[in-house]
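Kindly generate the complete structure, drawing on both the sequences and the hints.
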Amino acid sequence: MKKGYDIFISYRRDGGESTAKILRDKLTELGYSVFFDVESLRSGDFNTKLYSVIEECSDFLLVLSPGALDRCRNEDDWVRLEIEHALEEGKNVVPVLLRGFSFPDQLPESIEPLRYKNGLESNYQFFDAFISKLQDFLTSRPSAGARFLGRPAKRRAVYLAAAVTALALAGAAWLGRETLFPAKEYPAAAAEKNLVDQLLYYAQQNLTQMELAAEYLDTAYRECETYLSHFDPEGENAALAKLEQNRRLLYQMDLESAVMDEALKTGLEESPFSAADALAMHDFLLQFCEDGIDSLYYMEFVIDPDSYLDLAVREEIVENYRAILDEKLKLIAYGANELLLPVENEEAIYDFKYEYLPQLYYIPLQAASWSDSKETLTSAEENSWNAIEKSMDRLTLQIGESNLEVMADKAELIQTMILEGVSQEEAEAAADSLMGNADLLAEGEAALNEAQQEMDRLLEEAKEKFAPLESDDGDTLWGKMMRFLNLGMYDEAVSCMDMLREKERGIDPYAEAYTAAAIRFIRNIPATGIDYGLMVTGFEPGIEEHGQYEIGDVIVSLNGSLCRNYEEYSKYKAQVPEGEDFTVVVLRAAQDGSGRLDQRELLIPGNAPRVQIRELSEKDYD
89 MKKGYDIFIS YRRDGGESTA KILRDKLTEL GYSVFFDVES LRSGDFNTKL YSVIEECSDF
149 LLVLSPGALD RCRNEDDWVR LEIEHALEEG KNVVPVLLRG FSFPDQLPES IEPLRYKNGL
209 ESNYQFFDAF ISKLQDFLTS RPSAGARFLG RPAKRRAVYL AAAVTALALA GAAWLGRETL
269 FPAKEYPAAA AEKNLVDQLL YYAQQNLTQM ELAAEYLDTA YRECETYLSH FDPEGENAAL
329 AKLEQNRRLL YQMDLESAVM DEALKTGLEE SPFSAADALA MHDFLLQFCE DGIDSLYYME
389 FVIDPDSYLD LAVREEIVEN YRAILDEKLK LIAYGANELL LPVENEEAIY DFKYEYLPQL
449 YYIPLQAASW SDSKETLTSA EENSWNAIEK SMDRLTLQIG ESNLEVMADK AELIQTMILE
509 GVSQEEAEAA ADSLMGNADL LAEGEAALNE AQQEMDRLLE EAKEKFAPLE SDDGDTLWGK
569 MMRFLNLGMY DEAVSCMDML REKERGIDPY AEAYTAAAIR FIRNIPATGI DYGLMVTGFE
629 PGIEEHGQYE IGDVIVSLNG SLCRNYEEYS KYKAQVPEGE DFTVVVLRAA QDGSGRLDQR
689 ELLIPGNAPR VQIRELSEKD YD
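Residue numbering for the sequence shown follows my numbering, starting at 89 and increasing by one per position.
Calculated from the structure, these hints are not laboratory results.
As the structure is a prediction and not an experimental result, all values here were calculated from the model.
Take these hints with a grain of salt, some might be off.
Calculated cross-link-like contacts (lysine-lysine; reagent style DSSO-like; alpha-carbon spacing at most 27 angstroms) [to be verified]: (1) 179 with 109; (2) 441 with 418; (3) 462 with 281; (4) 281 with 109; (5) 441 with 281; (6) 591 with 659.
Right, dumping it as structure tokens:
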């Protein structure tokens, strides 16, 4: 018998209710059966209903607004009770993190495992991409009839209809290549339609990101324009604040969500579409955002009251920024149109042309202006590039080539420092102190290079000092591996495990398994952010299979308490009465063979066989 609901949504009314309602509406639209209660009903006998629904559902969505877990200290708090029941029932708990949420330092032990659940951050700007990613986290599936390409949320028109034109500097070209024209009414076969749906979704994700970047640039431009029209100190402060804010937003954009997956890439290779053109769309997005960030640094120079530029020249510069962005957005529209020329079946592209495109305010291509002529699009692209070149020439004359170079160097220096681990605030402050003097800027770059060289020298010394040797025993190699992990030298840590595997082959029956697991753990650190824990490296003599643990499991918590090293593990293990069961959370290789690590919660019986464990971190966590 079919369950009444697929998904249970838990939330706080103060801060989480609107998001919960949006999730309910969208997931219902996609074909899921969603239970969405009203928090005020969480009283009296209603708990019976709530608990029974949680038991029915496969997935438990937990909307975490700022402070959502603070009241969970109260044993009678309904959000706590819902989480506890979902965990007890073994439901797929998926936290949805709203902006500003952070886990409290302490949680009740009963809900501490929540920290280790895979979740995702909500994103209203890229809502369709967020929903698509959320679906990957769900174990339930929508009812028959749900489509691969969901219709864009109508509310995007509200979010995006706030501004007029925008500013940017020119970026890399995204010009259409030769397109193969298929037989009439492509796509026709089911496989062809599926490929088109995937391509349309990919295009939609990239266009959404470009649209949002254009919005950030536009609002910054308008603030600068307002300042120039009044030219007062207060206006300058507001403009500078907007430039800084939107520059950060551009830095923080989730561009990875718009990357083409391998399945689509493979499908395009034997289709009438150009795989190169499709990939170029994302490259254009990356360049578009990079140029946008640079442009906001340039605008700081334009609005600087101490600048040598006349007010009239400043206003002309802003107009040029605006003209450049207008033309780049035209290029985006022409490129999307040209990419999709092989789609001659109007039904297959209807949603994209008539539902999605009209909601894009900045990108100037609607269904009415959709062209079926490659020659027309190529000519339009050429005109836009000519316009961009003219605007760039004017900018060079207005600002001065040397000043443009200094500002470009500043932007590059900031990004270099950020890549080296310097915070954005510190990088910008350091660059600002050098701005306006090319010689000082060169000195700053030299100092940065010198610091980097010193860091490289120290790392090389560590690499040489702790290099694995044939004379090293197993414990020594394991210790060197931990030392490299502490330094972030993952390749060197892997080399220690490779040597350990060779040395212990035929001696330790578990060595092959736990060294492979250690290498997998190391390779996953950038994705998981977890570089600690205790690895199971052997079982009690005479035990071939434990029943709960597997060789290579990495223990990260015990009874809800974080275990980063042996000291913490021993402390919490000692609190378990002798012979009583306890729970652990482990990292274990995913069953799909992808090489990623999944979190598993294991119930360890009090009489379970003992295991051999080894630390993975030498960090001091006091």
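Hint check:
For a cut-off of 27 angstroms, the pair hint linking residue 179 to residue 109 stands: about 21 angstroms separates their Cα positions. This hinted pair checks out: residue 441 and residue 418 have alpha carbons roughly 16 angstroms apart, not beyond 27 angstroms. A distance of roughly 22 angstroms separates the Cα atoms of residue 462 and residue 281; the hinted pair therefore holds under the 27 angstroms criterion. Of the supplied pair hints, the one linking residue 281 and residue 109 is violated, its CA atoms being roughly 32 angstroms apart against a limit of 27 angstroms.
The hinted pair formed by residue 441 and residue 281 meets the criterion: a straight-line CA distance of about 16 angstroms does not exceed 27 angstroms. Between residue 591 and residue 659 the CA atoms are separated by roughly 33 angstroms; this puts the pair beyond 27 angstroms, and the hint is violated.
When the structure is compared with the earlier hints, violations turn up for hints 4, 6 and for no others.
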